[in-house]
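K.L.:
So you can see what is in the structure, the chains are spelled out below.
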Amino acid sequence: MPESRLARLQAAVLDLTLDADGEAFHADPAAWAQTRGLAHADGRALADRRDRWGLYRDLVRTALVEPLGDTFPITQTLLEDASAWPACVDAFLASRTVSSPYYRDVAPAFVAWLADSHWGLERWPFLLQLAHYEAVELEVLRHPDAPRPADLHAEPACERIAVLDPAARNLAYGFAVQVATVEAPEPPAACAWLLCHRDPEGAFRVLELTPHVSALLARSQEGQALGPALAELGADPDEAFTLLRDLRRRGAIQGFRPA
Amino acid sequence: MAFTGVGLGLRRPHMEQVAALDAAPVPFWEIAPENVVGQGGTRHRLVMGILERDAVLTHGLSMSMGGFDAWAPEVLDRLVAFLKATGTPWHSEHLCWSSFGGAHTHELLPMPFTREAARHAIARVKALQAKLPVPFLLENISYYAALGQPEMSERDFLLEVLEGADCGWLLDINNVYVNSVNHGFDPKVWLTGMPLHRVAQMHIAGHTWQEAEGVLLDTHGAPVVDPVVDLMAWVLPRIGRPVPVLLERDHEIPDLAVLLAERERLQSAYEGALTGVLHA
Ligand SMILES: [Fe+2]
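Going down the list, the protein sequences come from chains A and B. Per the numbering used here: the first sequence = residues 1 to 259. Per the numbering used here: the second sequence = residues 1 to 280.
Careful, some of the hints might be misleading.
Said to hold, decoys possible - Far from chain B, by Cβ distances over 12 Å, these chain A residues were calculated: (1) ALA7; (2) GLN10; (3) LEU14; (4) GLU23; (5) THR35; (6) ARG50; (7) THR62; (8) ILE74; (9) PRO144; (10) PRO166; (11) GLY174; (12) PHE204.
Unchecked claim - Chain A side only, calculated, beta carbon under 7 Å to chain B, not exhaustive: (13) ALA41; (14) ARG52; (15) LEU55; (16) ALA63; (17) ALA94; (18) VAL98; (19) PRO101; (20) LEU138; (21) LEU141.
Just so you know, these hints were derived from the structure itself, not from any lab. Glycine residues also receive a C-beta, built at the ideal position from the N, C-alpha and C atoms.
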């Protein structure tokens with residue numbers, strides 16, 4: 001229990017706004033306040049204005065839930081159809097996962113919470129991947145700009161690696177999350193290799209890759225040169241290089257540098 | 001750069017339109033660093049272009065001045081760099097708390113009106129001020145309930161923190177009005193005797209009547225009502241300086257033209273209120 005009266009009051013307000021059980025406070029505010037170590041007069045003050053603290057509960061929850069609706073329309077629809085969205089939101093808020101002072105971090109915090117808590121994964125094994133994919137667009141669009149490295153080549157070569165644009169994400173999913181829609185929110189169980197990136201105009205693009213190309217890019221990110229990587233993957237260099245040149249033209253790859 | 005007159009919050013839906021203009025359609029903008037720093041991409045470059053072209057005041061939303069959570073070094077570094085880059089003459093935050101134990105609510109929660117809370121807020125303001133490259137202003141908030149048993153009024157609490165921290169005051173005139181309705185006091189009596197010499201900037205905004213709860217909500221989601229405009233006009237000559245007034249609009253954001261027309265209306269009231277004062 002926090003030491004100071006000020007900290008105990010703030011901790012109590014956090015409980016009464018974020019805890020899933022909103023009724024506990026309203027049913028018996030005095031008893032509730034006692035369990036939070038509040039002085040009698042402070043507990044009584046909260047109880048006297050329980051309507052207004054209910055309002056604060058709504059305000060806090062609305063502030064934290066709004067970005068979820070904006071970022072995860074498909075996930076939200078899926079769970080709403082199953083009458084599970086309120087329970088999901090309750091569990092997320094009660095976890096107190098939102099810690100960043102940046103409001104834009106609320107949506108990524110939701111994905112991090114799904115990954116940590118495994119909430120709903122038993123019933124919807126694709127849930128985390130679907131939410132992850134829904135959050136990728138903003139992550140890619142808003143990725144901080146960095147100066148282009150000066151030492152990059154325009155051409156791929158066996159002794160070089162492909163350098164992904166820092167905003168690009170080379171993603172492998174076990175479900176075809178890219179075909180899920182608000183109308184049909186359940187992605188089919190089929191592997192998907194997606195390269196999410198910004199095009200030269202800065203717009204969000206998704207490319208479906210073959211597993212070989214996805215693996216090739218992953219190996220480049222780990223520092224393995226294209227030649228040995230292609231040999232291990234059993235892929236044709238000419239075909240791969242044509243594709244890599246195309247990815248560079250599209251802005252997904254920045255260029256090529258010696259491994 | 002002299003900041004005066006009525007400015008507007010720079011908001012996402014208007015970004016493209018504002019960026020395409022040759023010059024600012026307002027004397028200055030206000031922007032929250034938290035919504036800009038640490039990002040990139042097309043939209044980000046658009047915002048930075050506007051901030052480079054136009055005069056801007058910065059206004060923070062989430063430093064939880066009355067809270068206990070430490071400010072992450074990278075958050076402070078980004079803030080300081082942003083304040084320097086924009087050339088803002090000061091930076092403001094609310095007298096409230098928003099996070100506790102590492103959990104952020106992204107809401108402006110009221111401080112207990114106690115001496116302990118005042119001491120704590122004063123120390124936090126001084127600590128942040130010491131890290132910022134520009135003077136710091138504290139803004140009075142709308143509050144819907146006192147947190148715990150008060151030892152003083154909200155007015156005296158604000159007064160104690162402003163004096164103790166020896167900082168500037170961002171006087172949100174709509175918040176004074178909203179509190180006066182919700183808690184039943186005369187806003188002019190409330191303002192009388194307050195340290196108006198500390199006011200460096202004002203906020204003005206619209207609010208919403210919440211029928212179910214019987215409370216005025218500080219939503220920034222409607223046009224400014226006449227009594228709030230009148231209160232601004234009443235206090236300006238008492239401040240005695242043409243401090244900048246910022247029109248806040250965060251919800252139900254209308255077309256830029258609608259907000260610019262509202263700004264014009266406020267600008268007229270602003271100039272009318274200061275006419276005698278400035279030419280005397
Ligand atoms: Fe304000």
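K.L.:
Which of the numbered hints above does this structure break?
P.N.:
Structure breaks hints 1, 2, 3, 6, 7, 9, 10, 12, 17 and 20.
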